[in-house]
Amino acid sequence: MNPLRRNLLKSTGAATSVAVAVAAGLLKPSQVLAAEWNKSAFESKNVADALKGMGASAPADSKDIMIKAPDIAENGAVVPVEVTSKIPGTESIMILVEKNNTPMTADFTLSNGAESYVSTRIKMAGTSGVRVVVKAGGKSYSAVKEVKVTIGGCGG
Amino acid sequence: MAKRIVSLLLACLTMGAGLAQADPEADLAGLVKHYKDRLPDLKPQDYIFGALAYNKDSMEQYLSIMDFPPYLNDMDKAKALWNKPFKNGKTFGDCFPNKGKNVAGDYPMFDDASGKVVTFENAINSCLKANGETEYDYGDMKTMGLVTAYAKSLSDGSKVNVKVQGKGALEAYEKGKTFFYSRRGQLNFSCATCHVDNVGKSIRSDALSPTIGQTSHWPEFRSGTEPTTLQTRFRQCNIQVRSAPLPQNSEEYNNLEYFLSYMSNGLPMQTPVFRK
Amino acid sequence: MADPMKIRATLAGDTADIKCLMNHAMETGQRKDAKTGQLIPAHFINRVTATVGGKTVLEAQWSVAIAKNPFLGFKVKGAKAGDKVVISWEDNKGDKNTAEAAIS
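Residue numbers (our numbering), protein chains in the order written: chain A, 1 to 156; chain B, 1001 to 1276; chain C, 2001 to 2104.
Only chain A is shown next, with the shape it has when bound in the complex (with noise of 0.2 Å):
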């Protein structure tokens, strides 16, 4: 960890030693700890603009990651995804799904032991390629499933 991210995570008053750090431009705003959460990324509306926006752009397709998602999703609203990398040395798993507003879902970054391996679950606005893409040793992998999503309306 950047250590001068841990003594600043460390002091009480982080928020006002942040704000004087910057303010003496010790800290540029972008390395500002409280927006960590990459908004361009989460908010873009199209999967390529959301992996330029993680440093992952034009990923190499990859038979070596395994998305365990259902055919046909039971309710949008709540679908289980789990992701298995067999790449060695993955850094990041993202997970995208394509057709969703904001293709942008998730980013899980691995360390001290973590097994490329994350289980979750999603809302999917309707049929759609759920994407994963991994980072491994400076390069970006990609697989795909298409999960379709109906709209029931009986649901019995």
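Hints were generated in silico from the structure; no laboratory data involved. Built from N, CA and C at the ideal position, the CB exists for glycine as well. One or more of the hints may lead you astray.
[Unchecked claim] Calculated pairs, DMTMM-like style, for lysine to aspartate or glutamate (alpha carbon to alpha carbon, straight line, at most 20 Å):
(1) C:K2019 x C:E2100
(2) B:K1056 x A:E82
(3) C:K2019 x A:E146
(4) C:K2080 x A:E115
(5) A:K68 x B:E1060
(6) A:K52 x A:E98
(7) A:K45 x C:E2027
(8) B:K1077 x C:D2003
(9) C:K2032 x B:E1226
(10) B:K1056 x A:E146
(11) A:K145 x B:D1023
[Unchecked claim] Covered stretches of chain C, going by a simulated chain A footprint (3 or more residues, C-beta under 8 Å):
(12) 2051 to 2062
(13) 2069 to 2076
Following the hints, put chains B and C in place on chain A, whose structure we already have.
Chains B and C in isolation, oriented as in the chain A frame:
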């Protein structure tokens, strides 16, 4: 003894003269046979899963979500509601045998004294009333929905064991059965149109579940997070065939629940569950 | 004060299987209030951190498209029984929550 008549379930639309020959056991046997013919691959123990049992993809999602369901914190709240003492110091458990453990399978039951079907939700409200508390609104999922989600979970694994005995009970049962087989709404469907005649087929991309096993797992958490009682679901289904929904705890819905619950007799209860 | 998280952390060999259920509305900002017709503002967990035995194992950024009452599962190799798992989240309004459990 009244003669046993094996009813032709698909044509049971006129019931006026049939009350004296009401035969719930034969009705259930008839449905069991019908579903064996229509759904030959559905194992008896899988009826409680309804349409989820039709394919692996659905079942896997259900099992994945049930492994750590989104409603667990709601269940903690529900448990707290169930255990919270009334002003007089008593709790819900004091109103039921066994502190409420393994009792839900007996509901609905018929109360000869009042001449009415008594649902589990009625029992909850009777308990509140008897202890000087305000009864819940049957349609309020934050109270009735949550309390019954926890209360009925105390009967998990026990079997549905609805009794229909005596003239009053048989009449109420037959009324519920008539409702089930009567067409209604702008779409002119009866419950049976979907869940008996067209069981296993899809309507609006949803597969139709069999009647047997439908009532053993309520309330549900729809979408994983929205508590829903059985009669809330009746209202939703009525709306879907463009029929005016009836109020919760209406006589028609209570009789319907009585009939439907008998059709799940012998099956294990499990509450709450995830459904889409 | 946010509802408590639930953590299940079990050991299989030398790998900890960790599951977490969080409580959060995860409002997308696209839903309309039934009564007022107004859009309900987005309110969602946007950052999650998990540590095991004091070391960060997972850092996540989330969007509104993670399901309500979020579920998170991950695995950590080299964990031992008794190691402390700490999971924390923060949402877009600055609300926070944290919970811990020992690996069993």
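Distance restraint between K2032 of chain C and E1226 of chain B, which requires alpha-carbon spacing of 20 Å or less:
Holds, at roughly 17 Å.
Are the Cα positions of K68 of chain A and E1060 of chain B separated by 20 Å at most?
Distance of about 11 Å is within 20 Å: holds.
Are the Cα positions of K45 of chain A and E2027 of chain C separated by 20 Å at most?
With Cα atoms ~18 Å apart, K45 of chain A and E2027 of chain C stay inside 20 Å; holds.
Are there three or more residues in the segment 2051 to 2062 of chain C whose C-beta lies within less than 8 Å of some C-beta in chain A?
It holds, with 9 qualifying residues against the three required.
Taking 8 Å as the C-beta cutoff, is the stated coverage of the segment 2069 to 2076 of chain C by chain A satisfied by three or more residues?
Held - the segment 2069 to 2076 of chain C has 7 residues with a Cβ nearer than 8 Å to chain A, which meets the minimum of three.
Is the Cα-Cα distance between K52 of chain A and E98 of chain A 20 Å or less?
This hinted pair holds, its Cα atoms lying about 14 Å apart.
Sort out whether D2003 of chain C lies within 20 Å of K1077 of chain B, counting only the CA atoms.
Holds, at roughly 10 Å.
Can the restraint linking K1056 of chain B and E146 of chain A be considered satisfied, given a maximum Cα separation of 20 Å?
With Cα atoms ~17 Å apart, K1056 of chain B and E146 of chain A stay inside 20 Å; holds.
Within 20 Å, alpha carbon to alpha carbon, are K2019 of chain C and E146 of chain A?
violated (25 Å)
Mind checking the alpha carbons of K145 of chain A and D1023 of chain B for me, to see if they're no more than 20 Å apart?
Distance of about 52 Å is beyond 20 Å: violated.
Is K1056 of chain B within 20 Å of E82 of chain A, Cα to Cα?
holds (17 Å)
Given the hint that K2019 of chain C pairs with E2100 of chain C, does the C-alpha gap stay at or below 20 Å?
Distance of about 12 Å is within 20 Å: holds.
Of the hints listed earlier, those the structure fails to meet are numbers 3 and 11, in rising order.
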